[in-house]
Amino acid sequence: MGKMLRKKKKKQDQKRNQNCNRRRNNFDSGSSKATKNSIAEENRDDLISSLPNEILCHIISFLPFESAQQTIFLSTRWRVLWNTALEQHGSLEDIARAVDGFLTRFDELDPLRHPRRLQFHSSHGRILFATIAANKKLHLHSSMGKQDFPWPFEWCLNLKRQRLIHQPSPSSFFVKTLHLTSVSYLCSDAVSSIVSKFQFLERLMVTKCNGLRSLTIYASQKLQHLTVLDCPQLKSLDIVAHKLQSFRYRGLLPSFVLKHDFFVEDAMLDVREGPGYAWFESRDFRSLSSAITNAKILTLCEWTFEALICPCQSSGRLDSRFNQLKELWWIDSSIEENKIDALLTFLKSCPLLERLFIEIDPASHCLPSTRQWTKQVATDSRLGHLKVVILEGHMNQEDEILLVERLLQIVNTEPLIIARSHGNCVRSLVKIPSHQLKWQTNVKVVAPKGRKCSYKFVEEEDFSEFCSKHAHVGKDF
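For the sequence shown, position 166 (counting from the first letter as 1) is numbered 772 according to the numbering used here, and the numbering increases by one without interruption.
25 Å max Cα-Cα, derived SDA-like pairs, lysine to any residue: (1) Lys814 <-> Ser794; (2) Lys849 <-> Leu835; (3) Lys902 <-> Pro917; (4) Lys865 <-> Ser896.
Distance windows between CB atoms, simulated: (5) Cys762 <-> Arg711: 27 to 33 Å; (6) Glu1020 <-> Asp967: 27 to 33 Å; (7) Lys1055 <-> Lys766: 53 to 59 Å.
If you're looking for bench data, these hints aren't it; they were derived computationally from the structure.
The structure presented is a predicted model; accordingly, all values stated were derived computationally and were not measured.
For every residue, glycine included, the Cβ atom is placed at its ideal position computed from N, Cα and C.
Please build the complete structure, drawing on both the sequences and the hints.
See below:
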């Protein structure tokens, strides 16, 4: 009897499983069919992407270049169309002529009429990649692969107007922004020849050029923005310029020679890696110190100020006040009393400062301090326009409190003070009402001298409004 019941139950289970599988297959086929129908419906809606290339290019010709470039996000078909590259082969001597012809054929009103990318190959492999971007920008990238021991070279870029024998090519009027990346000794002469034709260049960026030891730039009257980033072997940087408004540098500190006085409004000297050579003197940087005195936006390392800039100021050879400075990014290796004194000494010479960013990077270069800074704060040296202070990097709560207490002693305003960690933790400094002060037993209290009130840091849940960044952080130069 029990055996018969087990057989009957087994048959019922098998039948139930068959029904479930049938329903599951019907659902899967229905779901797959619905997905296919949805894709087919989308393809029916996208009638433009299926048109021939000639028609797509004609459509784009009616759009401004900036708007036309947005079509790359529409579909794979548009991306392939935009990323089509012109390939050419030749010797190193043919590079300049190939790039000039590539730029001459480009039509900004019809950007897909000819490819906007060029790959140049020589016997050494793919040696140069050129890309035309929006806003009259040209990117030249040298592809030599990873080199453990790059061949050292010296490089000269001459942008000054030459006496032309022939009529200038259209490319000399087209390029306003030039980005040179990973240029090596092998193609440096060819790139120099290309650059010499861009007489109306306004922005120049030189980045990640391994092996580059010396760079000389003769700027034209049109060049306003110069950026040099991450060239690890650079030892010497000579600049001949008249009208520079922005100068940004990041890497080991090279020897600077600035000919013809110019005063930039935007200056970045991120030399936290330290000097590029063992021996240097502050007098070698007088021209650089002078060039950044009138800056409105500045990035500066504490060791650079103490070792190179401050000696020039105290000697009376330079104006000791940064009267125009509105925004400062200060980089230091740690929080110590003497380092805070150095920061406050610099801030006293910035009467119009509005935004202050302080980053503590333990990897930043640090020199033994031999200077004694005054702790006296004159009434006329207090900051009366400071609105925002952002603290970032490796700081514990004690460091933050020490820094804020000292900072508030030279400030007449009530700035918004934010402490930002590398994660998503954002804390702001708030006043503690006097009647609540006695209840703050487990809270680190900020009590600056000369102030009648106390403060504490509180964590902010909605930190989107506190994500303000310095002009030199995370920006396409």
